[in-house]
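A.B. asks: For reference, the chains in residue letters:
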Amino acid sequence: MEVYSLIVRNQELFRLVYTLLIGIACFAIVVRTNRLFRLSFHQGIRYFRNAFFFYGLAFLIRYPLGESYFLIYKIIPSFITKALFEFFLIMGGFSLLYSLLWKKLETEKGSLSSLFNAKIALFYALALVIVGLDYLWKTYYLMFASQIILFGYASTISYLIYIKSENQQNFLKLYLVVMILNLIAWLSNFVVAVFFNWHQGGIISIHILNVIIFLLFLYSVVKATK
Amino acid sequence: MAKKRERLDVIKDILMAVRENRSIKPTRLLYASNLSPQMFKDYINELINKNFLKLDVDEEEKKTFSLTKKGNDFLEEYRVIENFVKSFGL
Numbered sequence: 000m001e002v003y004s005l006i007v008r009n010q011e012l013f014r015l016v017y018t019l020l021i022g023i024a025c026f027a028i029v030v031r032t033n034r035l036f037r038l039s040f041h042q043g044i045r046y047f048r049n050a051f052f053f054y055g056l057a058f059l060i061r062y063p064l065g066e067s068y069f070l071i072y073k074i075i076p077s078f079i080t081k082a083l084f085e086f087f088l089i090m091g092g093f094s095l096l097y098s099l100l101w102k103k104l105e106t107e108k109g110s111l112s113s114l115f116n117a118k119i120a121l122f123y124a125l126a127l128v129i130v131g132l133d134y135l136w137k138t139y140y141l142m143f144a145s146q147i148i149l150f151g152y153a154s155t156i157s158y159l160i161y162i163k164s165e166n167q168q169n170f171l172k173l174y175l176v177v178m179i180l181n182l183i184a185w186l187s188n189f190v191v192a193v194f195f196n197w198h199q200g201g202i203i204s205i206h207i208l209n210v211i212i213f214l215l216f217l218y219s220v221v222k223a224t225k
Numbered sequence: 000m001a002k003k004r005e006r007l008d009v010i011k012d013i014l015m016a017v018r019e020n021r022s023i024k025p026t027r028l029l030y031a032s033n034l035s036p037q038m039f040k041d042y043i044n045e046l047i048n049k050n051f052l053k054l055d056v057d058e059e060e061k062k063t064f065s066l067t068k069k070g071n072d073f074l075e076e077y078r079v080i081e082n083f084v085k086s087f088g089l
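Chains as they are written, first to last, in numbering that gives the first Met the number 0: chain A, 0 to 225; chain B, 0 to 89.
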């Protein structure tokens with residue numbers, strides 16, 4: 000297809016635009032939700048904010064810092080930027096899931112730090128194990144598996160919240176759709192990696208889907224904070 | 000049986016009671032908050048520590064609570080916060 004050929008010929012520009020769009024979306028979400036958190040100290044908002052903080056870090060590290068057109072690429076080896084990307088991506092997923100589950104696991108007051116406490120330490124440890132094993136086995140299979148399970152679970156929880164709610168039906172339906180799209184993105188990633196040997200067209204499609212997902216997240220946050 | 004109030008709702012009720020009275024004595028605020036004395040104490044300590052409320056003591060050592068700017072901002076934004084939490088199921 001013409002569009003895909005154009006993108007393949009301008010890969011570095013495409014990656015830059017892709018990263019900028021996702022990075023700006025994450026930054027805007029963090030800023031908006033941080034303001035709400037500073038006023039309310041609501042733990043769910045806190046972990047939701049943290050998710051996009053991690054996602055923003057992941058994409059900042061992977062593409063602008065990890066690509067050859069930046070000087071820092073010559074200082075930081077690529078395996079480190081890839082490992083950090085995977086780590087922060089996994090932590091983003093864990094934080095998003097935890098924002099839906101925190102009430103069952105914490106008091107409403109919460110901990111002093113949401114980035115450094117016993118429960119989040121478990122997530123860090125799990126993320127490190129996944130990254131370490133993927134590095135040793137030279138695959139991304141564990142990352143794919145963890146995120147597929149995670150977003151499968153998050154989609155289920157979002158669905159249950161949606162069917163139980165009396166109000167906010169349209170909004171919760173939108174959030175459920177975004178969660179399901181995330182699941183589809185990770186499933187597609189797995190399929191393209193394993194069965195199509197990282198086919199370029201497949202990867203480009205997943206990148207486009209990722210941009211749509213993050214822009215939908217941003218749209219949801221802006222709509223909910225108007 | 001009445002549904003248990005969420006933490007955000009309790010904070011809103013406390014801050015609304017203070018705003019409606021401009022400054023309010025602790026005992027009156029306790030009754031207005033509809034909390035047990037221990038829970039009331041926990042909430043008030045948290046609200047003072049996080050700068051939503053301030054405790055004023057006059058020359059006769061009478062204590063009253065008043066709203067800070069942050070407390071006022073919370074009330075202005077309460078609907079947005081509540082809407083956000085419900086919208087995302089947080």
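Since the hints were made in silico from the structure, they are not lab data.
Keep in mind it's a predicted model, so treat the numbers as computed, not measured.
A hint or two may mislead.
Only part of the chain A face toward chain B is listed, based on derived beta-carbon distances under 10 Å [said to hold, decoys possible]:
no., residue
1, Ser39
2, Leu99
3, Tyr152
4, Thr224
Sample of chain B residues lacking proximity to chain A, with all beta carbon distances greater than 12 Å (derived) [claimed, not checked]:
no., residue
5, Asp57
6, Leu74
7, Glu81
8, Asn82
9, Val84
10, Ser86
For glycine and all other residues, C-beta sits at the position ideal for the given N, C-alpha and C.
A.B. asks: Determine which of the earlier numbered hints do not hold for this structure and return their numbers in increasing order.
C.D. replies: 3, 6, 7, 8, 9, 10
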